[in-house]
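**Q** Sequence:
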Amino acid sequence: MAENKIFQIYETLLSSYGAQGWWPFIEGGYHPNIYDYPKNEAQIFEVCLGVILTQNTTFTSVVKSLTNLKKMNSLNLKAIKNMPLDELKSAIKPSGYFNQKATYILEFIEFFESLQGRVPSRSELLHVKGIGHESADSILLYAYNQAEFVVDAYTKRVLIHAGIVDEKASYHEIKKFIEEAIQKEINGIQESVILYQEFHALIVAHAKLFYSKKPYGVGCFLANKIV
DNA sequence: AGCCAGGCTACCG
DNA sequence: CGGTAGCATGGC
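Under our numbering, the first sequence has 90 at position 90, and the numbering climbs by one with no breaks.
Derived by calculation from the structure, the hints in this document are not laboratory data. All C-beta atoms in this analysis are idealised placements derived from N, C-alpha and C, irrespective of residue type, glycine included.
No farther apart than 35 Å at their CA atoms in a straight line, the calculated lysine-lysine pairs in the DSBU-like style are these:
| no. | residue 1 | residue 2 |
| --- | --- | --- |
| 1 | 64 | 78 |
| 2 | 93 | 64 |
| 3 | 176 | 129 |
| 4 | 39 | 175 |
| 5 | 5 | 175 |
| 6 | 175 | 81 |
| 7 | 214 | 176 |
| 8 | 39 | 176 |
| 9 | 214 | 184 |
| 10 | 89 | 78 |
| 11 | 70 | 89 |
| 12 | 129 | 81 |
Distance windows between CB atoms, simulated:
| no. | residue 1 | residue 2 | range |
| --- | --- | --- | --- |
| 13 | 218 | 173 | 23 to 29 Å |
| 14 | 100 | 67 | 19 to 25 Å |
| 15 | 70 | 186 | 35 to 41 Å |
| 16 | 179 | 129 | 24 to 30 Å |
All chains should be modelled from the sequences, with the hints used to inform the complete structure.
**A** And the structure:
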């Protein structure tokens, strides 16, 4: 076994939970072991929309919001852009923070259109109001298939509990640490993208079980598996 | 009833 | 600068 704790955690989680197939789509849901998503601009936009809606909320709530839009025949950029603001807010209500998120979505649409189909840079994304580090990385990784690892609150909890990162480690430090650890074990961008997508999803799946309520990590089996 | 959710911005000291 | 209140609904 490679002397690489991060990669060991990935392998342990993968064998425990199996491939996750993130990002889920409103039609099609999860797609484990199928990696040619998103297929077109509409799906890229749907992922971006989902990323904004899922900030600090559960994905089941996001599905409700997306389903509301779908029912209105409005799960697309043009419809949302032309929709009365109150209708948009009402549609995304289940995901919480609907006032903020409606504004964020409209701001993102302006940005998305300005791209004219090209892939945005990370710093461009960070300049859009409502897009922070995690959302930028989620958009790049899951909408654009770029090799950017997503660090979330769960990732930090799991790695702190495993004694791998410090409590006050920054987002950037954790991201780079994980990316460098994984790069040592694999070859090629394509493989990185798939692995990053799965790893983040696996961390979330695992953390939902063992890192949602305090004290964190009760029952977590990772500490026993890593060297 | 109270805590948590696949965060981010704005403002505080 | 780092730290934190506020944002809001839904599930358990």
